[in-house]
Amino acid sequence: MDNYILELRGVSKTFPGVRALDNVRFDLRPGEIHSIMGENGAGKSTFIKIITGVYIPDEGEMLFNGKPVTIQGTNDSQKLGIAAIYQHVTSYPDLSVTENIFIGHEIISKRTKRLLWNQMHAKAKDLLEQLGASFDPKIRMGTLSVAQQQIVEIAKALSVHAKVIIMDEPTAALSNRESEELYRITKKLRDDGVAVIFISHRMEDFERLADRVTVLRDAQYIGTWDKEEMDHDRLVMAMVGREITQMFPKREVTIKKEIFRVEGLGRHGVFKDISFTLHQGEILALTGLVGAGRTEVCESIYGITPFDEGSLWLNGKHITIGHPHEALAKGIGYLPEDRLGQGLILDWELYKNVTLPVLDKFSQNGVLDTLSERERTKEIIELLAVKATSVFDKAATLSGGNQQKLIVAKLLTADLKVIILDEPTKGVDVGAKTAIFNIMGDLALRGYGIIMVSSEMVEVLGVSDRTVVMKEGRIAAIFETAKTTQEQILRAALGTSEEGLDA
Amino acid sequence: MTERKLLTERGFSFKRFFLQWEWLLVLIFLLIHIINSFLSPYYLNVGTFVRTPMTFLDKSFLVLPMTLVIILGNIDISVGSTVALSSVVMATAYNAGISMPVAMLICLATATFCGLFNGLILVRFKELPAMIVTLATLTLYRGIAYIILEDQASGNFPDWFSFLGWGSVLGIPFMLIIFIICAVAFGFLLHKTTFGRIVYGMGSNKKTCLYSGIRTDKILLWVSILTGLMAGFTALFLTSRMGSTRPNVAQNYELEVIAMVVLGGVSTAGGKGRIGGPILAIFIIGFLSYGLGLVNISAQILLIIIGTLLITSVMVLNMRISGKRKRSGFGSHEVGKNLTR
Amino acid sequence: MLNLRRNLLLRAERFRDFGLLVFIIVLSLVIQVRNPTFLTLSNINTLLVNASILSILAVGMMMVLIIRGIDLSIGSTIALSGMVSALTVSLYPTIHPVLSILEGVLVGAVVGTIIGLLVSKFNVLPIIATMGMMNIVRGLTFLVSGGKWISAYQMSVPFKKIATGSILGINTLIFIAVVIYIIFYYFINHTRTGRQIYAVGSNPEAAKVSGIPKTRIIWMVYIFMGALAGLAGVLWVSRFASAQGDTAVGYEMGVIAACVLGGISLAGGSGKISGLILGVILFGILNNALPLINVSPFWQQGIQGAVILAAIIINVLVKRSNERMALRHRVV
Amino acid sequence: MKKMVLYTLMLLLVAAILIPATLFAAGVQEGGKERHAFVFKNTGNPYGEKQMDGFRIGIEEQGYEAILRAPDLPTAEAQIQIVEQLISQNVKSITITGNDYDALEPVLKNARKAGIAVLSADSAVNPASRSTHINQADSEMIGRTLIQAAYDMVGGAGEIAILSATSQASNQNLWIEWMKKELTDPKYKDIKLVRVAYGDDLRDKSVAETEALLRSYPKLKCIIAPTTVGIAAAGKVITDKNLIGKVKITGLGLPSEMAEYIENGACPYMFLWNPIDVGYLAAYAATAVSSKKITGAVGDTFDANRLGTYKVVKASDGGTEVLLGPPFKFEPSNIAEWKTVY
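Residue numbers (this note's numbering), protein chains in the order written: chain A, 1 to 503; chain B, 504 to 844; chain C, 845 to 1176; chain D, 1177 to 1518.
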């Protein structure tokens, strides 16, 4: 039954100094969901950019419906019926949903060449309804949530009657419920005979969706397997190339005295009645659906956006925080969710990034002492095993995982008591995940109190001591992680549970 | 886990050293002197190098803070008006019987306040781009100057006041001395202090700075204040050179100043550039126009020359940057994605 | 919750234009009280005539701002195109006015093409490219004119009629302005290319993947800006029946100010013709009315500055209060 | 490839400086000829060009070399720079039409210290900074004549207004003062000066101000515009609003600019001196002072070739000046012959 709709043979691509793809092959059957997996930088993104014609391969051939084709630009791939939904949603916030769906293939009247808005709005509405979305296509894209925007992207793909739809880490920014929705839609597409290429490194995605999987590692083709012949561990092996003995290293910490307490924290229209306590050496997971207000709570604690009611207590003393500066001074650090946008200055050397939060430490009355900066940086990033050649490397040259470590390094230079990590493993490959969990463990051992915001049930269960579940701006439940199950947490997050002990 | 030794020292690299934009500027600077001395027999004499700087130094005090402003990723087109206003206020104050030294302080104070006002608006209303805010205050400040002085010119300052703009110490113009002091101060501030480091940081990524606990508002305010203060200096020297003032002095200074900063290799995208470049640019444009003035080239030719100089130099700059790293349309995200790995 | 956020955003936008309209009405009434001749047809006519040239430029500037650019060179372009067309007319008095207009537009378009090339192909930042061109073009104007002015008597009657004549009872300037507005309203709202301008301004990155010719769009917008400036140049010269080297020095600031009042954000991507019209009218009123109500000439600039500042700040405050209110009313 | 582009651009960069410089370097001939400089307010102003022409002719007649300079914007700052450059070229004399009455004093004093003769022409600089001033016409006379003109245009009674240049122009303001003085004469009891408006010598603003005047003062009978841009703008408005005959324009304007409106009757007549003669006279005065023939003190006399002999007299500002003579009256009968001249 080898009638492939899309087939690539011996595809290679080289960027200045980087071998991005090396003799990769791939085939895709109509009506299948084919998952491409691999760590960050394995070449997944380059691979699909080649299929969609953003990049042109140096070598290799490509067959569409058995016929060799050459794709010179995104237009060519669109003509063939290949549509892509990118990792970082590539929409136009200022334009209407309709336009976002029809951009590039607007409906225009044959004669006057003018855009036929009514037809487009109508068609857009159908498409959205097909996908079970209810919002009005006339509204501005910028007002939608990430999940809704992705639905729009899919609608866009449908609108061109794509035969091949590529999804690049679509679930990365989605909550579980939204992911469920996406799974439903994707399966529907498959059943309608669309071939779906699904790129991800979330195991769950693979287990729930894929019919087949192709694994890339370090720009190399590793292999293609049917779902049945692949289990979790073997897949990880294939991706990482070595055996991950323990994904969530458990370490024994004796939870000591309370270090930090939040009482009745509230911000109009965003969250309300947020109360929990954090103990020395404890890892507190803060979970819930995306949009439940987890990040907002953290940012209010950290002094980015002021809260309207409630109080913060550090070591039993009431504290007020009006600005991140004060938060750090008092010993509360925050690792923001948006690594590139909020965590790092990409075109800066490592040491400048690391010392940014605590420049005063490395200066006598305002004058910088770069030597000590570099020394300290060296120590700390060696401690965290950040892969770099010198402290003069630009942050941009690091891989996702190492960038994340670098931000942790920033936090460690400041002497903190409480560390808040917002989605610390988002978009980080398996190897780096383990490393980060290790670091968290060590920090806990050293008596830090850690709050970890995460959407991934697996790691919540694997890492945390207690779990705070938020739902629509309020605390739905607090669990002793050891004594709870994924189902309990999910039910709490979706609002179908009453159980859970209080703080 | 890595045994690999991390380098904390960076050996001297000729390539890195000589690939700096400043070298091209130095080259142009020398070239200009050579051309000029060929063109005009009057060029090469002590007088030239003593007097010439005086003809353009007044506005160059604005170049220093503008460099900070642009590195910060902002822009300030209200400086010309600030100069006019503070100068007018000083004159009015003096002619109202206030002693000259005090009047001078008032001048600096006014200018500083103008800067502070810009800063406050920028801080309180982050949604507004600096371009718009300063466009409004540009009109406002000069408007106030007109309200104060109407159609009058105001002057007859004490004689010693003219020393600021005309006097010299041991043959070196007083203005030049002050400028060198200011330049050194700004160079130090920008390249050796935490303040400067943060200015660069904010220019590259304000959010990251905020999340790293930097009081970004404070920095922004201080830069604005500095801009105002230096506008005050310009006002002092300009007024001293003119011996009198009126609401329409210092027209279009903002554009000339920005041009110098950009020619100096500071990217208006923010986060890039050093203080040396703009300072060199001051002298390049200054001596260029002076030398061409000596051969009596008409003003419009000069306009064209400076325009071309500006554009071509920026194009060269772009080439260098895009030569260094794969060109990436917009935003640092993209850079990150390209280079991750 | 999302719908709520959406609605309030829409409300804020609608409120903006509405608020501006109210402000204009109130302002007009105040002026009317001080000087009853303000709201007479003839004065409104003069007001519009004076505003028309600026408004034509504003359309171009709006598009430039939408693609995250700015153009400081239009003042010089006006001067050059005006001077060139006037020179031709003085040499060949028989030339048909339409030809002069085309000539001016062409000159402007050439300037625009160069700027567009610099910005889109060589990645020169707009503010720099246009600042440089501002000097160059101004210099060229002086060169072509050789320091001379072209005076009324050297211009053919039909040429002067361009500005003073009237079509269907409407003054030609207003007529042209209106036509331009209609054309560009249709262009940016109902054609593919027009929408792509917004797309590029809204998310330049995405343009790459969704196959929008970013470079060409940007280039095109600057050519339009140049062409409109060229047109404005001819109209200017025809209206004032004199062409001089220093025509319209610093005019660009006024145009940008009008756009800002019209609510076009310098951040790019957004901006509506409706808002622009209001902005232009408000700006026109400020220029026309202040002399009318005996405001001391020395206060005029100050007042204009204050109004611009007030307008942009109020705009922000309104948006904010809307958002805050919506948040308060949202139950968690 | 990138490198290539880079280098070509660098070359361009250098060319940007080199080419024009070498091209226009022709502007300086050496050979010990005495050099006399004339600095006007700003470039691209035909009135100024004519003055410069006159000056050049006057200087070259005497076998000297003339340097003609003007900044691109009419500001004192720019003129200061130019004077500095002239000082370093040690010219024999500098004749300047000041953009500011006082602001040029320091630099001009320096020039005189360097032994350069400094005169002002057309628009004066303060007495301290000049040997003498070439006055195109007696300010008092201009002021009074214009009011008389208005008087005779409105037939002895009615509202008049003044449309001036920038509120900063020293000579305009002086004339306006004299107009106001003249108006105090009981003879003008029925003439009402309703407003002094400023068009800043910008076309659009001058037009707007004129329109405002007409609207605010419907009974307005005459507009006096002692500035070339202003009067032309006013003439244009009157013509377009076909108020010809109802509202009359007079003042000081360029024949070329005003020909249209004098011929169509919007402006019955106006005045101006001949800028060429101003420059010409300045040339002879300059050489006279620089060659120490005269010091520019009251009573000195010098010969100005085709214009005859001139006498230095006391100026209203306390310094000395040379009067060119009464302003020339341009009217329909003679405008045709002058409009092509300047």
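If you are wondering where the hints come from, they were derived from the structure by calculation, not from laboratory data.
Check the hints yourself; a few may be wrong.
What the hints assert, rightly or not - Each computed BS3-like pair below joins lysine-lysine, with the alpha-carbon atoms no more than 25 Å apart: (1) B/Lys710 / A/Lys426; (2) B/Lys710 / A/Lys394; (3) A/Lys361 / B/Lys710; (4) A/Lys138 / C/Lys1052.
To be verified - Cβ-Cβ distance ranges computed for the label pairs, FRET-style: (5) C/Val1023 / D/Ile1233: 46 to 52 Å; (6) C/Pro1057 / A/Gly10: 30 to 36 Å; (7) C/Lys965 / A/Thr14: 31 to 37 Å; (8) B/Pro604 / C/Ile1137: 23 to 29 Å; (9) A/Thr14 / C/Leu950: 45 to 51 Å; (10) D/Val1474 / C/Asn889: 38 to 44 Å; (11) C/Thr1059 / A/Ala385: 41 to 47 Å; (12) C/Ile939 / D/Val1474: 24 to 30 Å; (13) C/Ile939 / D/Gly1475: 24 to 30 Å; (14) B/Pro604 / C/Lys965: 53 to 59 Å; (15) B/Ala772 / C/Pro1057: 19 to 25 Å.
Said to hold, decoys possible - Simulated coverage check for chain C against chain D, where a stretch passes if three residues somewhere in it have a Cβ under 8 Å from a Cβ of chain D: (16) 947-955; (17) 1069-1077; (18) 1085-1091; (19) 1116-1127.
Quick reminder that beta carbons are idealized off the backbone N, C-alpha and C, glycines included.
Hint check results:
no.: 1; hint: B/Lys710 / A/Lys426; result: holds, 19 Å
no.: 2; hint: B/Lys710 / A/Lys394; result: holds, 18 Å
no.: 3; hint: A/Lys361 / B/Lys710; result: holds, 21 Å
no.: 4; hint: A/Lys138 / C/Lys1052; result: holds, 24 Å
no.: 5; hint: C/Val1023 / D/Ile1233: 46 to 52 Å; result: holds, 51 Å
no.: 6; hint: C/Pro1057 / A/Gly10: 30 to 36 Å; result: holds, 32 Å
no.: 7; hint: C/Lys965 / A/Thr14: 31 to 37 Å; result: violated, 26 Å
no.: 8; hint: B/Pro604 / C/Ile1137: 23 to 29 Å; result: violated, 42 Å
no.: 9; hint: A/Thr14 / C/Leu950: 45 to 51 Å; result: holds, 46 Å
no.: 10; hint: D/Val1474 / C/Asn889: 38 to 44 Å; result: violated, 56 Å
no.: 11; hint: C/Thr1059 / A/Ala385: 41 to 47 Å; result: holds, 43 Å
no.: 12; hint: C/Ile939 / D/Val1474: 24 to 30 Å; result: violated, 56 Å
no.: 13; hint: C/Ile939 / D/Gly1475: 24 to 30 Å; result: violated, 58 Å
no.: 14; hint: B/Pro604 / C/Lys965: 53 to 59 Å; result: holds, 55 Å
no.: 15; hint: B/Ala772 / C/Pro1057: 19 to 25 Å; result: holds, 23 Å
no.: 16; hint: 947-955; result: violated (count 0)
no.: 17; hint: 1069-1077; result: violated (count 0)
no.: 18; hint: 1085-1091; result: holds (count 6)
no.: 19; hint: 1116-1127; result: violated (count 0)
Checked against the numbered hints listed earlier, the structure breaks hints 7, 8, 10, 12, 13, 16, 17 and 19; every other hint is satisfied.
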